[in-house]
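*Asks:* Residue numbers (my numbering), protein chains in the order written: chain A, 13 to 263; chain B, 29 to 301.
No lab work stands behind these hints, which were simulated from the structure alone. All C-beta atoms, glycine included, are put in the ideal place defined by N, C-alpha and C. There's no promise every hint is true.
[Claimed, not checked] Keeping only pairs whose Cα atoms sit at most 25 Å apart, straight-line, the calculated BS3-like set for lysine-lysine is:
1. A:K65 <-> B:K125
2. A:K114 <-> B:K123
3. B:K278 <-> A:K183
4. B:K125 <-> B:K165
5. B:K165 <-> B:K123
[As the list claims (entries may be wrong)] Pairwise CB distance ranges (calculated):
6. A:R66 <-> B:G92: 40 to 48 Å
7. A:K114 <-> B:A271: 25 to 33 Å
8. B:G108 <-> A:V211: 35 to 43 Å
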Amino acid sequence: MSDRLLFITTLTRLLEGRRHVFVGGGSAAAATASLLQRALSGDRLQITMLGDKRYLFLSNDYSEIFNCAATGRYDAFFMGGGQIDGGGNVNLIGIGDHPTLKVRWPGSRGTPLIYMMIENTILFLEEHTRRVLVPRVDYISAPGTSEPGVYHPGGPVALVTPRCVFSFDRKRARFTLETLNPGHSLEEVNEHTGFDFDVAPNLGETPGPGLPLLELLRDRVLDELSVIYPQYTETLRNEVDAAIAAQRQAA
Amino acid sequence: MDTIEELVTLVGDGALLGLPTGTGDYSAVSMEAARALVRRGVRNLDIVCVPGGGMDVDMLIGAGCVASIQAGVISLGEYGAAPRYVAAQREGRIKVKESTCPAIEAALTAGERGIPFMPVRGIIGSDVVRLRSDEWKVGTNPFEPHDPILFVPAIRPDVALIHAPLADRAGNLWIGRNGHTRVLTHAAAFTIATFENWYDGNLFDDERMRAGVLPAQYVRASVHVPHATWPMRFGEIHAEDSANLRRYAKAAATQEGFDAYLQEFVFNERKVA
């Protein structure tokens with residue numbers, strides 16, 4: 013089982029039961045998971061996806077996305093960040109003393125609105141280290157939670173990394189380690205996580221994809237995905253084929 | 029107007045200049061005009077990116093044309109960080125007014141309506157609010173006193189500079205469904221533009237075109253320059269020149285490399301197909 017397939021499987025599972033997911037640009041795994049969950053849902057899940065005309069139904073332009081977010085038309089969103097802390101705060105600004113930052117990232121984009129407005133935001137990172145998962149972000153681009161009274165219907169539900177899956181409790185503003193990816197340990201997650209988190213009493217292993225999901229991915233998703241992420245799809249296709257072959261052999 | 033050099037005389041030193049995004053289907057950056065501004069040596073521009081900035085902004089910063097900048101995002105997209113922007117902010121040579129896309133859009137919406145400010149959802153709790161506390165205010169919803177909300181003051185750029193797909197002989201431009209460009213050009217005192225093609229007849233005569241027109245009353249001047257977005261993308265009309273963008277990203281990593289790029293592609297106007 014490739015790390016990437018496990019990652020996609022987790023993101024797909026986290027979209028279960030959602031109505032309309034907004035997917036930003038340049039995130040192939042999020043795009044794959046959204047297309048896969050759409051196929052699983054019998055095309056009931058709506059997708060609005062930057063970079064793909066087939067999934068970008070806007071009468072205006074990207075500005076309409078902020079309006080749709082603020083009026084609750086999306087109920088799922090994927091987001092990464094330069095730093096994420098234990099309170100679910102995300103930094104896309106940089107590190108150092110503003111306005112002369114020693115590390116300058118591109119900027120907060122629309123996240124200060126979108127992250128607060130869209131329910132069920134799934135945080136995902138391709139790097140799980142103390143560099144990224146910090147005790148306290150240097151700058152808050154978008155807050156995980158707010159003081160009582162601040163209109164904040166959205167927020168994170170989960171954080172998915174190459175090592176594990178956390179859930180997020182918005183009332184307590186705290187992550188809980190739910191599952192470990194195969195081959196990873198609690199000690200290792202502790203070692204590489206800069207913030208405190210709770211551990212689920214029934215801490216288990218992150219479930220991988222079954223044969224039906226892999227076949228759906230191969231038959232319904234990959235061709236569609238290749239239009240926007242051709243290179244990514246090519247390597248993913250090999251991993252899917254290998255995983256299908258391995259599961260058939262095991263059966 | 030006949031030439032790009034004449035067009036950019038309408039951007040004075042110290043102007044608040046509004047620039048559109050260079051991203052995806054909605055890209056509308058007039059790189060040709062940005063190059064002309066660099067050649068002229070314009071100074072002390074305050075730039076508002078609507079809502080993101082790319083190579084145009086990085087080049088103006090690197091050439092010393094910019095005093096301050098506000099944007100939701102500034103980068104070269106797939107080609108990485110905007111290197112001259114990153115260096116200039118680190119060295120304190122430009123003032124960065126930290127922002128976010130919906131705040132810029134709200135401020136321009138106030139600008140186009142002639143009202144002093146606009147409330148905008150979310151953002152409270154973001155450090156962007158703290159970093160802009162000199163201008164932005166968290167107040168309360170006057171209809172619901174327990175609902176704190178962010179107010180941003182109107183932005184009215186002195187000039188908006190865009191590249192449009194079409195222009196007619198009556199001075200109308202066609203900008204399509206491009207909402208960011210619409211709000212920018214409506215909020216600005218006036219718009220100057222390069223455009224891709226002439227349109228036969230009046231754009232207002234065709235109902236299918238009308239919704240996408242920027243009427244002549246907003247447009248001070250325009251110049252016919254096909255593919256003025258080069259090397260950036262122009263919506264579905266021109267793909268980006270990835271070789272040149274890659275070259276820029278690499279060259280602009282140092283001031284010397286950047287200066288050499290300017291010499292070749294801005295002062296000598298060499299284009300690579």
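*Asks:* For every hint, state whether the structure bears it out.
*Replies:* Structure-based check of all given hints:
Taken as a hint, the K65 of chain A and K125 of chain B pair is broken in the structure, with Cα atoms around 33 Å apart against an allowance of 25 Å. Annotation: proposed proximity of K114 of chain A to K123 of chain B holds, straight-line Cα distance about 15 Å (limit 25 Å). As the CA atoms of K278 of chain B and K183 of chain A are separated by approximately 46 Å, the hinted pair breaks the 25 Å bound. At most 25 Å may separate the alpha-carbon atoms for a hinted pair to count; K125 of chain B and K165 of chain B meet this at roughly 15 Å.
Our distance criterion of 25 Å between C-alpha atoms is met by K165 of chain B and K123 of chain B, whose separation comes to about 20 Å. Evaluation of the 40 to 48 Å hint for R66 of chain A and G92 of chain B yields a pass: the beta carbon distance comes to about 43 Å. Between K114 of chain A and A271 of chain B the CB atoms are about 31 Å apart, so this pair conforms to the stated range of 25 to 33 Å. Distance hint check: the CB atoms of G108 of chain B and V211 of chain A are about 38 Å apart, consistent with the given range 35 to 43 Å.
Hints 1 and 3 from the list above are not met by this structure, while the remaining hints are.
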